[in-house]
Each structure stands twice: as C-alpha cells, then as structure tokens.
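A.B. asks: Protein sequence lines, in the order shown, are assigned to chains A and B. Under the working numbering, think of the first position of the first sequence as 931, with each following residue one higher. Under the working numbering, think of the first position of the second sequence as 78, with each following residue one higher.
Do not rely on the hints blindly, as some may be mistaken.
As the list claims (entries may be wrong) - To give a feel for the contact side, a few chain A residues facing chain B, derived at Cβ under 8 Å:
hint, residue
1, S1038
2, G1046
3, A1075
4, R1078
Bear in mind the hints are in silico, worked out from the structure with no lab data behind them. These numbers were taken from a predicted model, which means no experiment stands behind them. Here a beta-carbon is modelled for each residue, glycine too, at the ideal position from N, C-alpha and C.
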Amino acid sequence: MALAFALSPLAVIAFGAMLLMLAEAFSRKRAGLALGATMIFAAGCAFSAGVWMNGLDDVDGSVVAPWLVIDRFTIFFQGLLCLGGALASLLAGGYLREHGIDRGEFYSLLLFATFGAMMVAASGDALVLFLGLETMSIGAYAMTAFRRTSPRATEGALKYFLLGSFAAALMLYGFALLYGATSHTDLAGIGAAVAKGGPRTPMVVIALVLILCGLAFKVSAVPFHMWTPDAYEGAPTPATTYMAVVVKTGAFAMLLRVLLTCFADKASMSWSSGWPPAIAWLAVITMTVANLIAGQQESVKRMLAYSSIAHAGYLLVGVVATMRSGPQASASVLFYLLTYGVSTAGVFGSLILCGRRGAEAVSYEDLAGLGRRHPAAALPFALFLVSLAGIPPTAGFFGKWFIFRAAVDGGFYALTVIAFVNSVIAAYYYLRVLVYMYMREPAAGAPFATPMRSGYVTAALIVSAVLVLVLGITPGTSLDVAVQAASIFGGG
Amino acid sequence: MSPTEMALGQAYFWICATLALTGAIITVSAKNPIRGAMGLLLMILTIAGLFLALHAQFLAAIQLIVYAGAIVVLFLFVIMLLGPSSTSPHDGRGRLPRYVGAGLFAGAGVAAMSLIVRNAPQAPKLVAGVGNDFGSVDAFGRILFSHGLVPFELSSALLMVAIIGAVAVARGRHKDDPKTPASPTSEGHE
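Excised from the complex, chain A in its bound form (with noise of 0.2 Å):
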C-alpha cells in the first residue's frame, strides 16, 4: 500500500491524461481543457506533497526495483515538475484560445510528456531513463510543432525533433557501451561496477562523453544549444515555457541521478581523471556564449532563449560543485530549478498576456511605453525579468547565491567569478526590457502591445509572482527541502 501512495503521482498524471483525453472526445466544450489539466497537475503537486510529508522509511520498492527508485530526489523532481506542468497548462488555456489554435490534444501532450519527465527523474535504470527521455522529447517536439501554418514552427521543431532524435542516439550508444563494459543497465549497477572497475577503461571514459553530450543537448548547453533559439521562437508560448521550465528540469533530474549514481566514485569525480573539468568547460561555455548572443537579439522571446541557455551554465556550475561540496551543491541545484522555473513560467506568461492574437509581442518596441499604458500587465513582467537577473527580494537572487555559495566552499572561485560576472552582463539585457517598458515611447504610428484579457493567464502570473515572492524573502522552507531531496546522493 506504501508503495502505491509512492508512486501516486505519476499515476495520477497518467490516468489523469486519460481522463482528459475520454473528456476532450465525449464533451462539447473546450474551454474546461485547460482548467482539467490544470486540475490534475496539481493533485500530482498535491500527492508528491503528501508522500513526502508521510515519509518514504515503510515505502517497499522491491516491487518496481531496479526499474523506477522512489527517494526524496525523486518525489522532489516530481512536484516540481508537476507545478511546471500546472503553469504551462495555466497559460495554454489563455495562449491558445486568443491564437485561435484551441485544441484538445495540446493538454494531452502536456501531461503525457510531463509523465515522461516524471519517468526520467524516477528512473533507475538506463531503460526506464530512456523511455521517459523519448516521451518526454516526443511530446516536446509535437508541441513545438502545434502550428502548423507558421513556418517558423515547424522549422524550429524540425530542428529541434533531428537534433534531439541524434543526441538521444548518442546518449543511447553511451548507455549500450556501459552496458558492454559492465553488464548492468541499473544505474547504481552500472556506479558499483564503475568504482570498482580501477583504472579508466576507454570504453567507459567514451560512453561518458557521449552521455554527456546527450545530456548537454537536453539541457541545452553550448556548444549543444543550435536548436534551442529557434524552437523556442517557433513553438506556442506555452509550449515554449514548457520546454524552458519543465523539459530543463527533468533533463537536470537526468543530470544528476546518472553523474551521481553511475559515475559517483573518487576516481570519476576528481579533477584530474573525472567529468567535473569537462562540466565546467561546459558552463563557462554556456554562460558566456549565450549572455552575449542574448544581449544582441531585437526579440525578446529570443532574448528569453538564450536567457534559458544561459540559466543552464549557471547550473552546471552548480553540478561541478557537487564534486566538493557534495549534497550542499546538490541542493543549491535543486533551489535553483524551482527558482527559474518559477520565474521562467512568469515571464514568458507576462510576455504572453502582452499580446493579442495578429499582434503578438516580439520585440523591444512592442513593449515601448506598456509601464505607463498597461501598468498591470507591466509590473508582473518586471518582477518576473528581475529575479531572473537575480536581483533580491525576488527568488533568482537566492537560487543564485546558493548556487554561487557552494562553488565557493567547493573552492571554485574562478568559476564563481566568471559566473558572477555573466549574471552582471545578463541584468544589462533583462534591465533593457524594463528601460523599454517604463522609460521609452513607442515610435509615431510604430505597433505597440495591447495586453490581451485571460483568467488563465492572470492565475499563472498571480502563482508564480507568489512565489517569486515567497521564496525570495523566506526561502529557507524551501532549502530545507531540497537540502533533504539532495541528501540521498552521499560523498562530496
């Protein structure tokens, strides 16, 4: 019985799903999709809420062993991902009303490839990891794919489905020689044949580098990152915060569990003759490649892009860490997920509610002037731009100084510093965005945005800005929680 509650909330998005598609076919109306699915990604919050809360000590997973593990890790990843699903929902049912592309398969696709995420942050096996990567990108590129007419969708998901189809071969391959050189596909199988395995065979340092370009292409660093700034522009907004917060995380959840499950031991995680080098290359890479790109672009849904590109780096600084500061660092990841996620869904629904249908808000100049015409749908948007620059009392602030704080006990302070001063140069884009709103005109006769009137989208805002909020002046509730979701990997 323990069991079942533990795995209540990925059962409750899978039946959930069902039930929303039997609705979609039986029902005349539309407009409850939205609102249903809304429904049931927060009961998957409420049930990884409540396991937590009842404890996991009597929780027997021999059952479903060694293909899903149930821990803190796991049902944290779960609700996150959840409150994900929820906001992006939230924001399909404004965004794809006023577009005029209303249709009931949008919901489906959200929840089964949420299921997807859920699988991959569960999963304890290569198998089992695989196939809720493939759901989880498969949904993806549908949704990115939703408009069919623009031809900047369907590029974008083009480019998105080949180039993700090929990493996820790569990765794949990884795998297929993991198992060549250990005869587990169980990821803690694969970690202690792997420690004991000695000196670095080659054919386990070549399936980590390509599972680690698999990995990277998922969370979209550089050199990885070609398809994330036209998939984002392409794809509906909402399926646009989908990938950016909750295809993100579940790519970390991924991050993480396999580096600190399979690849966990003294001689992987050292400097000399392990992956943290190869990690903080990476986000160094990342973070400064995209915040200057970023600063470049006159769209500010691209601007965004490369925003969530470089959110990555800042993470991946955070998984380097783990190799010293261990869990601490852990943690510090974990917080910042929830920190971006709910700051990322904020902004993109701000940007969002900024539009009509025909008259989408896309660059700067739309927005020229909206602080003193739309104070309303202004001020969310600058609170939401300012946590993403990482400015107090707003979450971004924390999520990056613990991210920052456990580079430094970790010893990393170069690291820090480049990672410092990248967050300096993306506030000079974010910060661009308010001089627009509050200190520009729109141009004689120029398009300007006329913010668009949806429930949905004003509760998705009211959420996220409270808990922007929230975390951004008490954060410790929050910490504690993922200090303890982190505290399953051990060493450090």
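Chain A is already provided as a structure; the job is to place chain B on it using the hints.
C.D. replies: Below, chain B without anything else, positioned relative to chain A:
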C-alpha cells in the same frame, strides 16, 4: 564448437556486417530516394541476420516484420505519393563543411572504436549457460511480462504521446485561416 563451425560463424558475421555497412552508406549517399530506401532495406535485412547469429530469433523476426515489412514499405509509399518532383534539386552549397563534418565524425568514431578494441580484455568471454530457449518467443515473453513489466508498461506512455503528437501535428495543417474554428465542436461555446 569445432574450428570449422567457428570459421563459418566468423565468415557469416563478416558478410552480414559488410552488407549492413554497404546498405547504410547507400542510404545516406543515394540521390534517388527509392535507391536510398532499398539501401535501408538491405541494412535491415542483414542486421536481422546478425540477430540470428546471436540466437535472437524472435528479434530477427520482429526486425523483418516491423522494419522491413512496415517501415520501409511506408517510406516507399510516401516517396511514391510525393512523386519525383518533390525531391529537391541537387544543392551544392555547404558541400565542403558537410564532407569535413562527416570526415571528422567518422574519424572520431573509428578512433573511439579502435581505442575500445585495443584496450579490451583479450577475447570477449563466451556467455555461459544460455538456455536452449534463449531468444525464443516464449523466453522473450516471459521476461517482458515478469522482470521487465515496469518498462513494458511505461513504454505505453511513449506510444501514446507519439500517437497524440502525430494527430496534433497532422490536424494543425488544415487550419490555414485563423478565423475558421478548430473543429465544429469548438463552436457554440462562449
């Protein structure tokens, strides 16, 4: 196993492997899409042959039925339906970077493989104790529905999302005019 049998097995492997590689090269290099599909077919058939050599009869059969029987035929149908006019004219742009990229990739792959092979233990250990029914439908089904039940059930989510995704993308096409409702059911509300 007698030396003759060993030699025969080796010969069988090399023939299948060479043909599979040839098929793969034809698939990616053929200018005529039909020829490309035929190359794919050759590769799929010879990979099924390799599965047979590994005592995985059931996988070999599935490989033939699903890939050769269904997927290649589907490809051929699509190519026939689109007709020859839909193949884009030969595009010479970016040829050098493409070849350089392919060369780099192939070089890295060969280097990685040779590293693995050179550092491998002398000879791969023969797996002992494979039962007579290894690879049969019976054994396969038993594993799939007992030990592997969890991933088997989870894979249904993957199939589901692929079906819904295909429907979502295909339906999106017939809605050029944003003023037409998504479907008759979306009318009449609000």
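A.B. asks: With reference to the structure, classify each hint as holding or not holding.
C.D. replies: Okay, the hints, checked on the actual structure:
1. A cut of 8 Å between beta carbons decides the hint on S1038 (chain A): the least distance to chain B is about 5 Å, and the hint holds.
2. With a least beta-carbon distance of about 6 Å to chain B, the hint placing G1046 (chain A) at the interface is held under the 8 Å criterion.
3. Checking A1075 (chain A) against chain B: minimum C-beta separation of about 5 Å stays under 8 Å; hint holds.
4. At a threshold of 8 Å, the smallest CB-CB gap from R1078 (chain A) to chain B is about 3 Å, leaving the interface hint in force.
Violated hints are absent here; each numbered hint is respected by the structure.
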